[in-house]
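Since the structure of chain U is provided, determine the placement of chains L, B and R on it from the hints.
Protein chains in written order, with my numbering: chain U, 114 to 477; chain L, 114 to 477; chain B, 114 to 477; chain R, 114 to 477.
FYI, nobody ran anything at the bench for these hints, they're computed from the structure.
Be aware that one or more of the hints could be misleading.
Any copy will do: because identical chains look the same in the list, a pair fits if it lies in one copy or spans two.
Unchecked claim - Simulated crosslink set (EDC-like; lysine to aspartate or glutamate; CA at most 16 Å straight-line):
1) Lys327 <-> Asp258
2) Lys451 <-> Glu286
3) Lys327 <-> Asp180
4) Lys292 <-> Glu142
5) Lys257 <-> Asp180
6) Lys451 <-> Glu358
7) Lys292 <-> Glu126
8) Lys138 <-> Glu287
4 protein chains.
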Amino acid sequence: MTYQASNEEHPIEIINIASLEGRVKERMEKGAFGYIRGGSEDEWTMKENTSSFHNKTIMPRVLRGIDHADLHTKLWDIDLATPIIQAPSAAQGLAHEKGEADTAKGVAAAGSIFSISTYANTTIEDAAAAAPNAPQFFQLYMSKDDGFNAFILEKAVKAVILTADSTLGGYREEDIVNKFQFPLPMPNLAAYSAESDSGDGEGKGIAEIYAAAKQGLVPEDIKKIKDLTSLPVFVKGIQSPEDAEVAIAAGADGIWISNHGGRQLDGGPASFDVLPLIAGVVNKRVPIVFDSGVRRGEHVFKALASGADLVAIGRPVIYGLNLGGAEGVTSVFNHLNKELSITMQLAGTRTIDEVKNTRLYDAK
Amino acid sequence: MTYQASNEEHPIEIINIASLEGRVKERMEKGAFGYIRGGSEDEWTMKENTSSFHNKTIMPRVLRGIDHADLHTKLWDIDLATPIIQAPSAAQGLAHEKGEADTAKGVAAAGSIFSISTYANTTIEDAAAAAPNAPQFFQLYMSKDDGFNAFILEKAVKAVILTADSTLGGYREEDIVNKFQFPLPMPNLAAYSAESDSGDGEGKGIAEIYAAAKQGLVPEDIKKIKDLTSLPVFVKGIQSPEDAEVAIAAGADGIWISNHGGRQLDGGPASFDVLPLIAGVVNKRVPIVFDSGVRRGEHVFKALASGADLVAIGRPVIYGLNLGGAEGVTSVFNHLNKELSITMQLAGTRTIDEVKNTRLYDAK
Amino acid sequence: MTYQASNEEHPIEIINIASLEGRVKERMEKGAFGYIRGGSEDEWTMKENTSSFHNKTIMPRVLRGIDHADLHTKLWDIDLATPIIQAPSAAQGLAHEKGEADTAKGVAAAGSIFSISTYANTTIEDAAAAAPNAPQFFQLYMSKDDGFNAFILEKAVKAVILTADSTLGGYREEDIVNKFQFPLPMPNLAAYSAESDSGDGEGKGIAEIYAAAKQGLVPEDIKKIKDLTSLPVFVKGIQSPEDAEVAIAAGADGIWISNHGGRQLDGGPASFDVLPLIAGVVNKRVPIVFDSGVRRGEHVFKALASGADLVAIGRPVIYGLNLGGAEGVTSVFNHLNKELSITMQLAGTRTIDEVKNTRLYDAK
Amino acid sequence: MTYQASNEEHPIEIINIASLEGRVKERMEKGAFGYIRGGSEDEWTMKENTSSFHNKTIMPRVLRGIDHADLHTKLWDIDLATPIIQAPSAAQGLAHEKGEADTAKGVAAAGSIFSISTYANTTIEDAAAAAPNAPQFFQLYMSKDDGFNAFILEKAVKAVILTADSTLGGYREEDIVNKFQFPLPMPNLAAYSAESDSGDGEGKGIAEIYAAAKQGLVPEDIKKIKDLTSLPVFVKGIQSPEDAEVAIAAGADGIWISNHGGRQLDGGPASFDVLPLIAGVVNKRVPIVFDSGVRRGEHVFKALASGADLVAIGRPVIYGLNLGGAEGVTSVFNHLNKELSITMQLAGTRTIDEVKNTRLYDAK
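Next up, chain U with everything else stripped away, as it sits in the complex (with noise of 0.2 Å):
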């Protein structure tokens, strides 16, 4: 049985994004919806990941002539219409047929950034053919074969986000449950596979994929990738500030806030709690994204004004891509833009840089 994703091409109201889980949950194949929504054990860190937003709160200030909110930031030398980035995520085929290809077309449309991740359904090269001159940023899943790693680091276009908190998977219950297994095949490994043997590298089962992975990084990594391509390179999934302190060390040019959503360590604080931490040593030096558990404007809001450069979403982005394709993907950005230009403009901030310079007061 061949797997059967969405190939709807619309965009899609949404009156929230937390509405969009129940959606895609009524058309996605289980195993695959099990995947893509389910966090580590008992999701505790997944849940605290959205709640512990609440733990501070926006003081509106109201006098202050706002009739606006100008979304615009930069990263680098990049110009983007909103803060809001997309977080890379694996195997979208899983939601559209299109995959890949789709999210980068409906991420380029809103204005922001593109991540594609070594284990996509779709190529760098036909993802990046799919939004030109989008800011497309590569997820490296470092191997222990460093032919791998140069032949696909080659291909990166804008930036590399090298992954650090997958070690290993965590444990997620609902894979279990399900028996889950990717369906689909991965290009990006196949074309390694094709250049570096004879040409039957198609067709790679998981276990192998897996098996290739570098677990366990070491500081040298970063030096090691960084001699590899000329691209800036983000460390994610940093949780802690000595991890902030040793990546900026080994010559990261950017720091990825991220408990990967919930679906590594359980039991971990929420990412929101450690951002202020992370931010206080980071001091600037270089740019920070956080991501895990954003789901409205106002998250993005308190993000940005605990420390975050750019902000990213993970699942809503799939469920966009699956209700509707790339400009399905392009509606959850519009609306996460409107969610936070209403609050940006409801708490007396004209600028992301207001937004960034905007104390947040500890809720009782």
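Chains L, B and R alone, transformed into the frame defined by chain U:
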């Protein structure tokens, strides 16, 4: 299809204020009810508004000889039978055929202050006529058109409430789901339309009305309003100590602490939680009105003990209006006055001044 | 229709005290049950009374050789088999035909203190006769009529409890919904009526009875009561350190910490939360009785360890009375004594004095 | 009617430990299940035991090159494949026909420590024979009869666990409701009976068994046990720093922190909440075993990081025994070991010593 509002006129039985919502829900058109009841986004701030009163407790004094409670108080030269006043709210024709005229009458019968909104379904003059000699306030949604501001401020009776927290409408999902549009005309706008145009301003859509509103107030706007009226001016929607200071420096005659009943910025603090901070900054230079979340006499007591001079109620009044017209409104005041009296007497306080001098204790 | 109360006389099986409420609810007339069970307004303080015991934990000591627990204690010269006494409550004829006479008998069988209310359905004399030689206290609702005070205090047996927290009745919604009226005569009032009038005082309505009550006690009232009786006088309803000091200065022989089981001021603190503050001020000058929310031997232990000398239970006794008459009341004491013994032994304390010297720890 | 226990012998599939309870409930006699599952009174402490692990979070380190986790550790000269050991529990014949013999075999297969209770349904000798050379501990419920203590301690294999927190049984309501009585003989008691008497000691009732137990241990009892055996002696049931100090001063070779799985004192702290306090006092003078509430590898990690040297599990083992005999027991260890390995690797720790040196963070 014309909108059908209530036309009942009688006192109502009230067990508690919270139960009114369910009674109104059964009778009112869904969109109108959603507009009145709803808060923004997750309604987190809206719920916190009421639950936050539990963050403080009243430590009762039982040996102070309190055999009755006296609710009388004053605002400037205005004698009031109760520290509970009505919070201005738009479009009361949704609740009752007589709209603001009935509310004005019911509030006057309770010996309290009625405030009419720019976006009322009754003219300022008609509402005033419904309750002659009552201390009617006027809630201004400032316009970009100074002619409008001058035209309408001239009609204000006793004081002006300048709304500062509506730089744009909060994101209220229930209105989106219901595709809610105001079904009734706004005669205060129509009157200005009639005066300045050649008379065809009636039936103006909500979109145009909101387009005319001035978003993003600045301190100079307070000065401008002060120049256009000799009445005292409250600035409404203050949620931060900084804004209170700015408003007073710009000439505000009173500070109205409110988060619009949780209808604007979601993720902001409960109004009660910021009250002591703001009262500390105001330091009795001008009177403080407090609203958002008040459903019990106990809440009124705690707000007064935390720095408020008067406490305003919004939705409860509209529910009373729907259930019993002017007399229903009076019933709401009577009920809360009864609860407040009992609370005062059990707490060991005889007068509103004694309540204000009561120290609350942090809940465990 | 005459009111039908229970007339059963037998011990009752008790798994835990909390489960008694449901058993009584099935048998008792709705209005009477609502009156006994109910608290005021949102019942927030009532619920906090019990849940607040979790704010402290008992850190057990296991190497102190405790092979039994001794519950005996003393109040002045009164030997008690348990530190758990009965809290006075009105109108026990609602629960059982024999009313306070059976309660007195059941409490005496448990070797503890019974207190009879001014508003009992049994005379002070009849209750005393039901349990000869038992240490019966008398709960006075002071009257504006000093003749009444003198008349009734003369009948008191062992000590007087002056109720200070009932300047008026709390707002108990269940009584309003049920339109509850006391269905039974109040013979202590009738007796005074018979003496002072020409004998037609019987059947006096509740309205008149409450009208005769003195609302708003002052310290001088304590002195006045002390002048009218040679018995020791507890002041009941203390919830603040200030009032404890005032009461002692006015001559109180004991402090009775209570918030009337959450039936008076809603929004006040849990009684257990204020106990340490008040005990600190009292500083062993006079004995402290504590009530409100006690449903476990564990709660008794924690109250004793927080400064109480004796711990009183109200509703549980009435439920026992309803379910089994005098023997049912004794069953309630036996059960709580058993739980207290187990708690003491597991905590590493042998005597009530050792419990009082146990330090509790703040829960996380 | 004879008691029917499970006789299944096979590995079991485990998604998570919490789900075992429901699977066992469906199969086991109600009274036996209630005895095993239940805690005392409100089960507040029992629930806190597990939920309190959320009071601390693990801040993961992701750049330390962790490509595997090594669970091996040592207690004295005992090599262990895992820091997770079995907590002694009585009457395992309730779960499985082979009782403690199967548990011993299953624990040995996991390379861990099995402890047999005085109140086992298997003799110490038979349990030891079921797992030759495995490091079997013996849990002593001390007797008032020193002959018994000497008789039974002589059979102990590797270490003695002196139970100190059972001065009497906790008040477990489910046992009362079910009128639970142990349906099976206790051969360790019978063996002593046979030796000292003329052979008719079999079938001794539970009441007599408990009557023989020494309630209320004192420090001298530790010394006495030390004199009766050359094995190291743990004192089990420590929940306060003071008792840890007392036990060590009296000669304890190890501290076993436990609140008996919430089965004794309700209203005491979660075992995990007191662990850091006690570890601070013990200060590595003797090893610490921790139990109560552990259901996840994450919990094991947090306990080790808070001062425990080994972490024991009670009910999960019994559930595994019921579902699959010796192999079911091993499955439980395998599952928790897997979760612990994943947690260690994701947290950035390779060895148990590194886990112990991890600093946890207070949850927000």
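Status of the hints after comparison with the structure:
For a Cα distance limit of 16 Å, the shortest separation of Lys327 from Asp258 inside one copy, 8 Å, qualifies, whereas the shortest one across copies, 62 Å, does not. Proximity of Lys451 and Glu286 under a CA criterion of 16 Å is satisfied inter-copy only: 13 Å between copies versus 35 Å inside one chain copy. In this homomeric assembly, Lys327 and Asp180 come within 16 Å of each other (Cα to Cα) only across copies, at 8 Å, whereas the closest approach inside a single copy is 51 Å. Proximity of Lys292 and Glu142 under a CA criterion of 16 Å is satisfied intra-copy only: 13 Å inside one chain copy versus 33 Å between copies.
Taking the shortest alpha-carbon separations for Lys257 and Asp180, only the inter-copy value of 11 Å comes in at or below 16 Å, while the best intra-copy value is 54 Å. In this assembly of identical chains, Lys451 and Glu358 lie within 16 Å of each other by CA distance neither inside one copy nor across copies; the values are 35 Å within and 31 Å between. In this assembly of identical chains, the alpha carbons of Lys292 and Glu126 lie at most 16 Å apart only when taken from different copies (13 Å versus 33 Å within one copy). Taking the closest pair of Cα atoms, Lys138 and Glu287 come within 16 Å of each other only inside a single copy of the chain (14 Å); across copies the shortest separation is 23 Å, beyond that limit.
Comparing the model with each numbered hint stated earlier shows that hint 6 is the single one that does not hold.
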